[in-house]
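Trainee: Here the sequence shown stands for residues 0 to 586, where the numbers follow numbering that gives the first Met the number 0.
Among the hints, a few may not be true.
[Claimed, not checked] Pairwise CB distance ranges, derived in the manner of DEER restraints: (1) N301 / L559: 29 to 35 Å; (2) Q188 / D394: 25 to 31 Å; (3) E189 / T575: 56 to 62 Å; (4) Q513 / P538: 19 to 25 Å; (5) Q513 / A283: 57 to 63 Å; (6) T501 / S321: 17 to 23 Å; (7) K480 / E265: 17 to 23 Å; (8) T575 / N507: 34 to 40 Å.
The hints are simulated quantities; they were obtained by calculation from the structure and are not laboratory data. Keep in mind the model is a prediction, meaning the values are calculated, not measured. Note that CB positions come from ideal geometry on N, CA and C, so glycine has one too.
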Amino acid sequence: MSKLFTLIIFFLLYCCSADAQYYIRGEVLDKDNKPIQNVKIYMPLSRGIYSSGMSGGFGIPSTRLHDSLILTKPGYDSLKLEINTKEYQKLFLKKEIGGIKSNSPKLVSLTKGIEGSVYPTSNYMGESYTNLVENDFIKTNKNYNTSFSMRIDKASYSNIRRFINQNTRVPPDAVRIDEMLNYFNFNYQEPPAGKDFNITSQLTDCPWNSDHMLLFINQSARKISLDKVAPSNFVFLIDVSGSMDQPARLPLLKEAFQLLVKNLREQDTVSIVVYGGFAGVWLAPTGGAEKEKISKSIEELNAWGDTPGEAAIRIAYQMAKSTFMKNGNNRIILATDGDFNVGQTSEKELENLISKEKESHIYLTCLGVGMGNYKDSKIEVLAKKGNGNFAYIDDFREAEKVLVTEFTQTLYSVASDVYNTIFFDTSLVKEYRLIGYDNKKTIISDGTEELEGGEIGSGSGNTIVFEIVPYSKELLKKEKKDIAHMEINYRKPENKMPYIITYNFPANYIPFLQMMKPLQFATAVTMYGLKLRESKFFPDVSWDSIREIAVSSLSPANYLESQFIQLIEKSTKIYTEKRKKKKKEKD
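Just need the whole structure built from these sequences, with the hints factored in.
Mentor: Printed below as a string of structure tokens:
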């Protein structure tokens with residue numbers, strides 16, 4: 000018996016030593032031989048992730064004599080190399096020069112340029128939209144990984160719907176494809192117990208380019224039960240200025256907030272701050288049990304005066320801080336057409352104002368309304384800088400969707416400062432393009448800012464689409480290994496601790512027509528957005544082709560999907576008639 004025991008121990012020790020036969024030692028330095036700490040060291044062959052210590056040193060077990068390492072750190076060029084594991088590694092990282100490298104987490108809106116910070120906007124019938132630059136194709140031999148911020152904003156889709164329903168063309172800069180996809184919560188799948196996210200992926204054909212492929216990634220966040228969520232400290236910040244005196248503005252918002260009041264619990268608190276002619280407290284902190292008092296206060300709102308938005312924002316944050324609930328859901332809900340005209344009014348000034356408040360752990364949800372002087376560019380800046388989300392309300396049904404049907408998605412966060420980094424297998428993928436998540440045409444002299452993560456709400460689903468250029472499409476269809484893997488970086492609202500979780504994406508090719516219907520429908524939404532945006536990466540695909548994909552993958556019971564098909568039909572008439580008119584004028 001003792002002999003058998005000795006043999007088992009010997010065998011286990013042998014296996015353990017065989018698994019970690021080599022040990023990689025080294026240090027990471029800059030050009031001046033100074034150590035660089037917290038460098039991420041990724042081992043592609045074993046999928047291991049390590050980091051350099053305080054002195055830049057590292058020690059990593061390996062099963063191979065010859066291995067490969069990939070070193071990344073924000074602000075530095077990535078380094079990929081093959082090594083002999085028996086040799087001491089002295090590795091040097093160079094600081095990035097010019098341009099934004101897609102492998103370092105930088106602001107989604109950041110582009111390198113001349114001195115000064117400007118926010119160019121496009122104007123359309125008095126409305127303002129931030130100029131966007133579409134993401135280009137990236138060669139994997141230059142940058143094999145890319146980072147992008149995640150959030151649950153959905154404003155673009157309902158705003159597009161408003162334009163089409165008014166028989167009007169959509170301004171290209173109003174089209175944000177990632178927000179259009181967020182609107183539908185495609186293919187949501189509840190995460191396993193104890194997990195914050197459920198991630199699935201699918202590789203398929205690209206309908207508008209037979210040589211390319213599409214990679215879909217679905218990121219579903221866990222749901223919070225209202226019975227278990229912490230008390231909420233809500234501050235309603237409502238624009239009651241003269242510009243809001245129209246049926247689709249203040250009256251619509253009053254209906255929207257009345258819907259929200261019905262969902263309040265006894266342990267919740269509501270305050271109301273208004274601005275219009277003056278900025279001040281309209282309703283002192285009131286418990287959720289006093290619904291009649293809160294509703295009456297909302298009903299008595301009337302529109303008049305200028306728009307001192309800056310002063311009102313400051314008052315709202317002061318109010319939220321004075322009633323701050325530790326371990327609670329502290330949130331300002333700003334409702335406006337964005338037409339600030341008193342105090343700090345530019346996008347840059349508003350960004351600076353909100354950025355100072357971000358560390359207060361108070362979230363900012365923005366509800367946009369109106370037409371004609373709607374300032375999408377300003378509201379978008381506030382939502383993104385205020386660690387919150389952004390929706391556009393064009394009618395009562397949308398108000399109900401945002402504040403009743405998707406109540407927890409809109410107002411309860413499960414993750415903040417969320418950004419994803421995806422790493423592609425350079426032997427399978429030649430080029431890739433992230434669709435949506437487009438950069439602003441912002442010129443910023445300081446290129447050291449990090450990518451700004453977003454907020455993910457309870458039960459929300461994000462659909463991410465990459466257009467892939469494979470080295471060999473036929474080979475990739477048969478491939479059994481992973482095409483890519485992704486890291487999700489985020490913080491939990493309750494403890495602010497950083498988390499990193501990793502998911503692998505197999506080369507699980509399925510022909511487009513055999514793919515699950517929600518993803519086929521998501522493709523139609525993507526194509527519709529590319530068509531409206533007049534994307535240079537999208538060929539002249541007919542409206543009928545987009546409609547055909549949507550109709551064939553429609554869930555008949557889904558009202559939103561049926562409504563989308565109606566939008567395609569209306570868009571076909573609007574854009575076809577305008578084209579014919581232009582042609583006649585030329586003739």
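Trainee: All the hints need checking, so say for each whether the structure fits it.
Mentor: The hints, checked one at a time:
1. Distance hint for N301 and L559: a CB-CB separation of about 34 Å, consistent with the stated range 29 to 35 Å.
2. Q188 and D394 have their C-beta atoms about 30 Å apart, which keeps the hinted 25 to 31 Å range intact.
3. Distance hint for E189 and T575: a CB-CB separation of about 42 Å, inconsistent with the stated range 56 to 62 Å.
4. At roughly 24 Å, the beta carbons of Q513 and P538 sit within the given window of 19 to 25 Å.
5. The beta-carbon spacing between Q513 and A283, approximately 59 Å, falls within the hinted interval of 57 to 63 Å.
6. Taking the beta carbon of each, T501 and S321 are about 41 Å apart, not inside 17 to 23 Å as hinted.
7. The supplied range of 17 to 23 Å is broken by K480 and E265, whose beta-carbon atoms lie about 55 Å from each other.
8. The given range of 34 to 40 Å is respected by T575 and N507, whose C-beta atoms sit roughly 38 Å from each other.
Hint violations for this structure: numbers 3, 6 and 7, all remaining hints satisfied.
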